[in-house]
Structures are given as C-alpha cells and as structure tokens.
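Based on the provided sequences and hints, a complete structural model is requested.
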Amino acid sequence: MTEGTKTTIEREPAAGDGAARERLRDALVAVAGGDRAAFESLYKATSAKLFGVCLRILQKRSDAEDVLQETYVAIWHKAGLFDAERASPITWLAMIARNKAIDRARAGADQRTASIDLAAGVDDPAAGPATTAESSDSGRRLALCLETLEARQRALIRTAFFDGMTYENLAARSGAPLGSVKSWIRRGLQKLKACLEQ
Amino acid sequence: MSGPDDIAATPPDHGSLAAEYVLGVLDAPRRREVEARIARDRAFAREVGEWQARLAPLVAEIAPVDPPLYLWPRVRNAVFGVERRGRLDDVSLWRWLTAGAGAVAAAALVFAFVSTRPPPVPTVVAPFVAAINLDDGKPAFVATIDRARGTMIVMPIAAVIPAEKVPELWLIPPGDKPHSLGVVDVAHPVVVSIPAALRDAVTLQAAVAISVEPRGGSPTGQPTGPVIAKGGIASL
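For the record, the sequence lines run as chains S and C. The first sequence begins at 1 in our numbering and counts up by one. The second sequence begins at 1 in our numbering and counts up by one.
Heads up, a few of these hints could be off.
[As the list claims (entries may be wrong)] Quick list of simulated restraints, FRET-style, between CB atoms:
#, chain 1, residue 1, chain 2, residue 2, range
1, S, Arg141, C, Gly182, 49 to 59 Å
2, C, Gly150, S, Arg61, 31 to 41 Å
3, S, Arg25, C, Ala36, 21 to 31 Å
4, C, Arg32, S, His77, 14 to 24 Å
5, C, Asp66, S, Glu85, 26 to 36 Å
6, C, Asp146, S, Arg25, 46 to 56 Å
7, S, Gly80, C, Ala43, 21 to 31 Å
[Claimed, not checked] Subject to a maximum C-alpha distance of 25 Å in a straight line, what follows is the list of computed DSS-like cross-link-like pairs (lysine-lysine):
#, chain 1, residue 1, chain 2, residue 2
8, C, Lys165, C, Lys230
9, C, Lys230, C, Lys177
10, C, Lys177, C, Lys165
11, S, Lys44, C, Lys230
12, S, Lys60, C, Lys165
It is worth saying that the hints were derived from the structure and are not from the lab. Here a beta-carbon is modelled for each residue, glycine too, at the ideal position from N, C-alpha and C.
Below you can see the structure in the form of structure tokens.
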C-alpha cells in the first residue's frame, strides 16, 4: 500500500461522532479541490465501510471490487456536490456506493435464494445486534419507528435495504404474493415516515 | 391471491416512489426514470434526499470489510491515470490472465496458431509463468518469465503483508537453496532482472517463493521471515 499520507482520518467514524464527521467533511472539501492526499485518506477511512455495503448487495466479490472502484472514481469527480447542510459525509458516500451496487446487481440475475422469514426481525448477521445503528440520535429514532411496524413490514424493508433487492426478488424469497409485498413495503414506508416526523 | 392487503394496483404517490428508489426495490428501467426525474424535479430530488437521511442509520449496521490491498492502486490509477508503469498496472487484465485453465488454454491456442505460421523469426521462446500461491491455493502473485531477456514480471494479485515489511522473491532450483531475485511489491507489478548466473536455473523444475522480510530485503541472503506463497514454474 502506498505510504506517505500526511493526513489521517479515523477509520469507521460512528454516525454520532461529530469529530469524525467533521474530518470526513473536511476531507471531502479538500478532495473537491483536487487534493490527492486527502483522497487517499478518505479512501483509507471509508473504503471498508463502503466495501461492506457493496458486498451485502453483490454476491460476487469481483463485482463488489469493481463497484467500489467506480464509487471512488465518482467520489473524486462529484465531491464538489457534497452538501454538508443536507447530508452527513458517510451517508453521502454510502448512498453513492449503494446506488452503484444496486445498478450492478440489476445488470445480472440475483442468485440469492435464502428465504426471508416474515415473522422475524432481520439483522445483518455480520454486524451483530441492531444496537450499532442506535449509536446516534437518528439511529435510535429509526430503530424505534421500525419497531412500530408489523414484523413482516420491518423484515421486508430491512432486507430490501441491506440486500438491494427488487420487489420481485423479495416476493420470491419470502413466498408472499408480489402485490402483497409491494403493499406491505409501501405502507410500511409511509408509516415509518409519519413516525419519524412526529 | 386477494385480500385486504392487495392495494398494489394503486400507483405510488411521489413520496412512495422516492422512498422505493432509496430502499432499492425498483428495477433498472424504473431506476433510470427516477434518476431522470431527480435531475429535473427539485422537489422530488429533495424527497429522495430526505429518504436517504431517514434510512441512512441502517448503514451503520453493515459490517465493514477491508477491501483487498490491490484495490487502492486500481482506484488511484482510474482516477489519476496510470503513471510510469503503463498497462502493467491493470490488475484486471492480470486477473483475467490467471483466471484459470480456460485462459491458459486460450493463450496456448494463440501460441499454437502463431507457431504454425511461416516463422518470421527462427525461434519463438514460449514464456514461463508461475502462479505464486498462498497456502489455500489462491494466487498471491503471478510471474511471467521472459527467458530471452532474462526478466521476470511479478504481479501482485492478493498478497497481504505487514506495513513495515516487504515481500522478497526467491528462486529455488531443485535440490538447491533459495536464491534472492530481489524485493517485489504488493501494490505494483515489478520487473525483476534475473542475474546472469541464475538464468540457467530458471527451469520447469524450479520453484519460486515469496518471503516476508524487513525493508530492503533479507539481511542474510536467505529468507528470514515466513514464506507466505510459493509455486512451480510452468510453460505456456
């Protein structure tokens, strides 16, 4: 790995860590100005998280690697569009990775067949308890509002988010009719929005 | 199937479409439509942004996974352009080359084809290659050996070594001790010049290996750290 990075950014800034958030924001501003060392720091600080995002959506590791590369190319060119008033840096970066991973997933057939248990909550098996999301205020509120949904709504929304799956795939994997899956998810999202806006 | 839940025939409103896009449930054509709309409809774009913010805390639940070390050089080359080393830095080309028997067979066919044509030069020396594999059989490095020039191109595939250490390449002729071919690199291909005295020892019976050494290479002339990868030499 290339050395000589002058700035260092702490790995894996927690959503609630204001200092880490500020460092990432500063790095993004520097990247927007064409600072290569800042770009390398940003890569080192965030690539493991973004690779995790890609690997959840794409089954083939080589696809996830290609998408991670595309993601950072996009970050280099689009860093100037980052608006610190409207998004946290890690959210902005993760959404770029998710969008690219979902587009790549749509380009191929989804091979996943593991069934979705509509009666159970869905956790990322690799991440341990859901409490990791609750380390920030917004995470706590989202977790509380997800709890107010029916179990099947919650299971489908969480699976859709983590795996980036289409309605059709979710229906196939949960064994529920497509129309029901769409309606559960849409209603769940409406209820989630209402709860979060309280 | 019918029931009280089957209201899906109702087209989704604004907010629901933005949410569905962010959640990731739309198919490719719908995603393109939504993206076109984001570009021209500011209110809709704001809704998408709001949904991203709503669902973003879920990202914290996704476990980080370290990408392989060769990805940063790929990203850097894709962003800043390939510097100095030209196309050799294209790891994907090399991964393709090492992708397995199919690629080797294809390369062999090319050679067979070339060698059946009227020879423009008297001899064609088929290159030697070596997959330098980890204990689990996965390639850590791949070497191609140009015997006419006495050079070896050593390409990192998936080698990981501690930051303060370097990988050193060794040639091990049958029944002999290891001979250093110099320090290589986990992030870049390196062209190794094979010392004249060792060129005749590069045979299909010899092996190559990578050991982990202090910066600058082994101080003793023999491997001092663990041998992390090794492999035999084959002819294409």
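Tested hints:
Under the hint 49 to 59 Å, the C-beta atoms of S:Arg141 and C:Gly182, about 58 Å apart, fit the expected range. The hint said 31 to 41 Å for the Cβ distance between C:Gly150 and S:Arg61, and at roughly 36 Å that hint holds. The hinted range of 21 to 31 Å is satisfied by S:Arg25 and C:Ala36, whose Cβ atoms lie roughly 29 Å apart. For C:Arg32 and S:His77, the hinted distance range of 14 to 24 Å is satisfied, since their beta carbons lie about 20 Å from each other.
With their beta carbons about 32 Å apart, C:Asp66 and S:Glu85 fall inside the hinted range of 26 to 36 Å. Here the CB-CB span from C:Asp146 to S:Arg25 is close to 49 Å, well matched to the stated 46 to 56 Å. At roughly 23 Å, the beta-carbon separation of S:Gly80 and C:Ala43 lies within the given 21 to 31 Å, and the hint holds. Note on C:Lys165 and C:Lys230: the hinted pairing holds, with a Cα-Cα distance of about 18 Å set against a maximum of 25 Å.
For the hint linking C:Lys230 to C:Lys177, the alpha-carbon distance of about 14 Å falls within 25 Å, and the restraint holds. Taken as a hint, the C:Lys177 and C:Lys165 pair is honoured in the structure, with Cα atoms around 22 Å apart against an allowance of 25 Å. Proximity of S:Lys44 to C:Lys230 is assessed by CA-CA distance (about 29 Å); at most 25 Å being required, the pair is judged violated. Restraint check: the Cα-Cα separation between S:Lys60 and C:Lys165 comes to about 31 Å, which exceeds 25 Å; the hinted pair is violated.
When each numbered hint is compared with the structure, violations occur for hints 11, 12.
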